[in-house]
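Engineer: Residue numbers (the working numbering), protein chains in the order written: chain C, 54 to 388; chain H, 187 to 467.
Keep in mind the hints are simulated off the structure, nothing from the lab. All values reported here derive from a predicted model rather than from experimental measurement. Among these hints, one or two may not hold up.
Beyond 12 Å from chain H on every Cβ pair, some chain C residues (computed) [unchecked claim]:
| no. | residue |
| --- | --- |
| 1 | Gly-114 |
| 2 | Ala-187 |
| 3 | Gly-223 |
| 4 | Arg-378 |
With a Cα cut of at most 20 Å, we get these calculated SDA-like pairs of lysine to any residue [stated by the list, open to error]:
| no. | chain 1 | residue 1 | chain 2 | residue 2 |
| --- | --- | --- | --- | --- |
| 5 | H | Lys-416 | C | Asp-268 |
| 6 | H | Lys-285 | H | Val-253 |
| 7 | C | Lys-206 | H | Glu-447 |
| 8 | C | Lys-73 | C | Asp-268 |
Where is the CB? At the ideal position from N, CA and C, for every residue including glycine.
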Amino acid sequence: MSQAPTPLLELDGLTKTFSKPVGVAGHIANLFGAGIAPVDVRAVAGIDLTVAAGEVVGVVGESGCGKSTVARMIAGITGISAGSIRYRGVATGDMTPAQRRDFALSVQMIFQDPFASLNPRMRVLDIVGEAPVAHGLVSRADRRDYVVGLLQKVGLPGGYVDRYPHQFSGGQRQRIGITRALAVKPSLIVCDEAVAALDVSIQAQVLNLFMDLRDELGLTYLFISHNLGVVEHISDRVVIMYLGRVVEIAPTAELFEAPNHPYTKLLLELLPVLEAGERAYEPIKGELPSPLAPPPGCAFHPRCPAATERCRREAPVLAPIGPGRASACHLNAGA
Amino acid sequence: MGESGSGKSITGFSILGLVDPPGRIVEGSIDFEGRDLVGMSEEERRALRGNRIAMIFQDPSMTLNPVLRIDTQMIETVLAHRSIPEAQARRIARDALEKVGIPSPDERLKAYPYELSGGMRQRVAIAIALLNQPRLIIADEPTTALDVSIQGQILHEVRTLCRQTGTALIWITHDLAVVAGLADRIAVMYAGRIVETGTTAEIIERPLHPYTRGLIASVPSRATRGHRLKPIRGMTPSLIHLPKGCAFKDRCDRTIAACDEAPPSTVLPGGRTLRCWNPAP
Numbered sequence: 054m055s056q057a058p059t060p061l062l063e064l065d066g067l068t069k070t071f072s073k074p075v076g077v078a079g080h081i082a083n084l085f086g087a088g089i090a091p092v093d094v095r096a097v098a099g100i101d102l103t104v105a106a107g108e109v110v111g112v113v114g115e116s117g118c119g120k121s122t123v124a125r126m127i128a129g130i131t132g133i134s135a136g137s138i139r140y141r142g143v144a145t146g147d148m149t150p151a152q153r154r155d156f157a158l159s160v161q162m163i164f165q166d167p168f169a170s171l172n173p174r175m176r177v178l179d180i181v182g183e184a185p186v187a188h189g190l191v192s193r194a195d196r197r198d199y200v201v202g203l204l205q206k207v208g209l210p211g212g213y214v215d216r217y218p219h220q221f222s223g224g225q226r227q228r229i230g231i232t233r234a235l236a237v238k239p240s241l242i243v244c245d246e247a248v249a250a251l252d253v254s255i256q257a258q259v260l261n262l263f264m265d266l267r268d269e270l271g272l273t274y275l276f277i278s279h280n281l282g283v284v285e286h287i288s289d290r291v292v293i294m295y296l297g298r299v300v301e302i303a304p305t306a307e308l309f310e311a312p313n314h315p316y317t318k319l320l321l322e323l324l325p326v327l328e329a330g331e332r333a334y335e336p337i338k339g340e341l342p343s344p345l346a347p348p349p350g351c352a353f354h355p356r357c358p359a360a361t362e363r364c365r366r367e368a369p370v371l372a373p374i375g376p377g378r379a380s381a382c383h384l385n386a387g388a
Numbered sequence: 187m188g189e190s191g192s193g194k195s196i197t198g199f200s201i202l203g204l205v206d207p208p209g210r211i212v213e214g215s216i217d218f219e220g221r222d223l224v225g226m227s228e229e230e231r232r233a234l235r236g237n238r239i240a241m242i243f244q245d246p247s248m249t250l251n252p253v254l255r256i257d258t259q260m261i262e263t264v265l266a267h268r269s270i271p272e273a274q275a276r277r278i279a280r281d282a283l284e285k286v287g288i289p290s291p292d293e294r295l296k297a298y299p300y301e302l303s304g305g306m307r308q309r310v311a312i313a314i315a316l317l318n319q320p321r322l323i324i325a326d327e328p329t330t331a332l333d334v335s336i337q338g339q340i341l342h343e344v345r346t347l348c349r350q351t352g353t354a355l356i357w358i359t360h361d362l363a364v365v366a367g368l369a370d371r372i373a374v375m376y377a378g379r380i381v382e383t384g385t386t387a388e389i390i391e392r393p394l395h396p397y398t399r400g401l402i403a404s405v406p407s408r409a410t411r412g413h414r415l416k417p418i419r420g421m422t423p424s425l426i427h428l429p430k431g432c433a434f435k436d437r438c439d440r441t442i443a444a445c446d447e448a449p450p451s452t453v454l455p456g457g458r459t460l461r462c463w464n465p466a467p
């Protein structure tokens with residue numbers, strides 16, 4: 054891991070709470086003493102993570118674990134409830150307007166659904182060219198050449214600038230989404246399930262493109278996915294999330310060879326692999342608990358095969374278990 | 187197994203006669219228990235659907251009726267094909283829920299679909315498919331919308347149930363890795379045709395069709411870490427503008443002159459079938 058003096062991105066106790074408001078009916082009921090309180094859901098409950106420049110960090114978790122909310126907070130789409138995001142050492146709250154603008158442009162996001170994330174009424178020229186012109190990165194006169202150059206970089210013919218999104222296939226649309234992100238010269242790209250909607254053969258092309266762009270432009274990626282195979286392929290480090298918390302962080306090879314957290318172990322056992330022969334699936338017991346009513350103690354204990362009395366009472370904290378590795382499990386402390 | 191647009195779902199729908207007009211079966215036959223399903227009257231088909239042949243769809247929130255309780259939907263399916271007292275149908279429904287691993291099935295019977303999680307809903311859909319002890323279940327990407335941990339459970343349960351009851355299973359998927367651990371045999375589809383069939387071991391370990399080979403090389407895994415993947419170049423052709431001859435020839439790196447003509451399906455020694463002029467060695 055590169056030991057850069059100032060990491061590119063630091064998340065410190067990042068938390069997002071969504072509130073379900075009481076509502077009109079609830080307020081009226083409260084007038085009669087119903088005592089209905091707003092319900093809070095902690096979608097992300099205190100995440101600490103450091104991302105060095107040039108690194109590819111994979112974030113893995115099942116639906117509802119808060120991985121997309123983390124992505125949206127970093128990209129500035131969703132506000133922060135508590136904690137801080139520091140970019141090049143400066144917290145987002147302390148930024149000057151110039152720094153804030155630089156941060157907003159430097160962090161770009163690529164979305165899951167290439168059909169929903171492109172405006173169907175805009176030409177590629179405008180989809181890709183609007184932001185760099187608005188931010189003064191290129192002049193209106195140079196816009197066309199700039200967009201053509203970017204399209205060629207992602208492997209699309211430059212002649213496609215005047216086309217509309219519906220004229221493209223899913224893989225091509227995702228390339229346009231990537232072009233749009235690249236247009237404002239970002240340093241960090243947040244990919245939220247960016248290849249999940251693509252066919253395997255197309256997915257491989259787009260994954261290769263991500264790696265080429267990283268080498269060429271020195272990009273840093275936060276790669277969010279539920280697909281362990283994709284994450285294992287592309288990431289330097291992997292973060293495993295469960296119910297709004299990080300349960301394990303490790304360099305990719307170590308995580309896949311020697312997972313520490315029981316949840317990580319179970320996920321790896323369930324990962325479908327390309328091997329012939331009947332597999333005996335030992336399914337994870339039960340289901341993902343609702344974040345509305347997380348279990349007491351360790352959130353994973355109802356499904357954990359090794360849960361002890363302590364796991365039911367006390368929530369474990371993410372603690373270092375080796376160089377560059379951390380895991381949130383009581384078993385590491387001898388339960 | 188096939189990618190989007192390869193015709194795998196339409197194949198499944200055709201067996202059940204569920205293809206919407208203007209789509210229709212123009213040629214060929216579907217032999218099921220000695221009867222040809224093509225040209226069967228709608229009434230006869232109806233007697234088979236949900237009875238001898240059942241289907242599990244991709245998205246359980248679209249296939250369960252949101253305004254009917256689970257028991258209503260299940261009992262209806264039983265009574266549509268059998269004349270038995272309602273109490274007995276309810277018992278069958280309850281047992282089916284228990285079989286697919288739903289905890290406290292008696293309470294779940296009274297639930298509405300929105301009260302269940304995605305994994306539970308898919309289990310209910312599977313339970314409905316099992317109700318009348320079908321001989322064949324067609325499952326169209328039933329785990330694609332689910333999380334890895336739930337997907338593992340469902341794969342395991344469906345396979346066990348089919349083994350126990352001797353039910354045949356057609357599992358339609360785009361994910362080779364999922365079928366690798368599940369299936370006895372695999373048929374690979376490309377642009378509306380089956381291009382290769384064989385046992386799971388044959389297909390995964392010794393693919394013959396260049397498309398199957400390309401697909402396997404495209405799957406990111408431990409072995410590919412830090413390397414570039416070897417994707418199939420180009421994209422899936424539109425079925426309206428298929429290339430002349432072999433539909434895969436524009437993306438294939440083993441194209442020869444013969445590929446200008448569509449390759450026939452050939453049966454290889456050992457029972458594998460293949461549609462390729464110049465298969466991988």
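Engineer: Give a verdict on every hint.
Structural biologist: Structure-based check of all given hints:
1. Gly-114: Answer for Gly-114 of chain C: violated, closest chain H Cβ roughly 9 Å.
2. Ala-187: holds, 32 Å
3. Gly-223: Contrary to the label, Gly-223 of chain C does not stay out of reach of chain H, its closest Cβ about 8 Å off (not over 12 Å).
4. Arg-378: holds, 18 Å
5. H:Lys-416 to C:Asp-268: holds, 18 Å
6. H:Lys-285 to H:Val-253: Violated, at roughly 24 Å.
7. C:Lys-206 to H:Glu-447: Status violated; Cα separation ~36 Å.
8. C:Lys-73 to C:Asp-268: violated, 44 Å
Consistency with the previously given hints fails for numbers 1, 3, 6, 7 and 8, ordered from lowest to highest.
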